[in-house]
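Given next are the chains, with one letter for each unit.
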Amino acid sequence: DAMVIQNPRYQVTQFGKPVTLSCSQTLNHNVMYWYQQKSSQAPKLLFHYYDKDFNNEADTPDNFQSRRPNTSFCFLDIRSPGLGDAAMYLCATSRQINQPQHFGDGTRLSIL
Amino acid sequence: QQQVKQSPQSLIVQKGGISIINCAYENTAFDYFPWYQQFPGKGPALLIAIRPDVSEKKEGRFTISFNKSAKQFSLHIMDSQPGDSATYFCAASKSAGNMLTFGGGTRLMVKP
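Protein sequence lines, in the order shown, are assigned to chains U and D.
Numbering-wise, the first sequence is residues 1 to 112 according to the working numbering.
Numbering-wise, the second sequence is residues 1 to 112 according to the working numbering.
Derived by calculation from the structure, the hints in this document are not laboratory data.
The model shown is predicted, which means the values in this text are computed figures rather than measured ones.
Heads up, the beta-carbon is just placed ideally off N, CA and C, and yes, glycines get one too.
Warning: the hint list may mix true and false statements.
Said to hold, decoys possible - One side of the interface only, derived from the structure: several residues of chain D facing chain U at Cβ under 8 Å:
(1) P34
(2) P44
(3) L46
(4) F66
(5) S93
(6) M99
(7) G104
Stated by the list, open to error - Below, a sample of chain U positions facing chain D; criterion: calculated Cβ distance under 10 Å:
(8) P43
(9) R95
(10) S110
What the hints assert, rightly or not - Just the calculated beta-carbon pair ranges, DEER-fashion:
(11) D:Q14 x U:P18: 46 to 52 Å
(12) U:A58 x D:L46: 40 to 46 Å
(13) U:E57 x D:E59: 27 to 33 Å
Put together the whole structure using the sequences plus the hints.
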């Protein structure tokens, strides 16, 4: 059974049109992460939540924002997607920081 | 600055052979070293991990070798199978609460 669930698996949006990706977890983990992964590259951390505390990576563009309304759900909002934002977006969770991370299967975002 | 260097970028191994992927790190504060396996269209899955208090960890056909003085660690896949064909990422993190730093990935193909 999937423990980190990402919806949708594939998302198509238009250039500049806001889009939201969602992630839910059944593990009751404290930490939730969002990564961006481009083709043939390693995942790149965008930000993470430790419980309700939001932590942004220094080089994450302002175009990317996140919400975590409760322990189980976390959202990635892209305010004005550009062509360069086309990628696989991965959600991960861990019980605590520096404990094993469990990844979802990602949402592949395409920009028209 | 790439803090975790992974090699080779791609690897072709015959069925039954040994696959070896190497990683080198720079930051001596790293103290947790996981390996992730990623199949196309899927999120990375934690395969095996090691902390620097041991020099080797084995789980089934997968072994991590760790050389603290050389700041290197490697993944060995014994009796490689076509089902092992995937992209493998090494990673490192610090116990002080910092995030995973991924290597660049190795695309492994095991030929029948």
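Satisfaction of the M99 of chain D interface hint, Cβ to chain U closer than 8 Å: 5 Å, holds
Interface restraint verdict for F66 of chain D against chain U (beta-carbon cut-off 8 Å): 17 Å, violated
Per-residue hint verdict: P44 of chain D, partner chain U, C-beta under 8 Å: 5 Å, holds
Chain U contact restraint on L46 of chain D - CB to CB distance below 8 Å: 5 Å, holds
C-beta pair E57 of chain U, E59 of chain D: status relative to the range 27 to 33 Å that was hinted: 31 Å, holds
Q14 of chain D paired with P18 of chain U, Cβ distance criterion 46 to 52 Å: 49 Å, holds
Interface hint status, G104 of chain D versus chain U (Cβ within 8 Å): Since the shortest Cβ distance to chain U is 6 Å, the answer is holds.
Restraint check, 8 Å cut-off on beta carbons, for P34 of chain D near chain U: 7 Å, holds
Hint check: 10 Å Cβ-Cβ cutoff, P43 of chain U to chain D: 6 Å, holds
Hinted contact S93 of chain D with chain U - closest CB pair below 8 Å: At 5 Å from the nearest chain U Cβ, S93 of chain D passes the 8 Å test, so the hint holds.
A58 of chain U paired with L46 of chain D, Cβ distance criterion 40 to 46 Å: About 26 Å separates the Cβ atoms of A58 of chain U and L46 of chain D, which means 40 to 46 Å is violated.
Interface restraint verdict for R95 of chain U against chain D (beta-carbon cut-off 10 Å): 13 Å, violated
Consistency with the previously given hints fails for numbers 4, 9, 10 and 12, ordered from lowest to highest.
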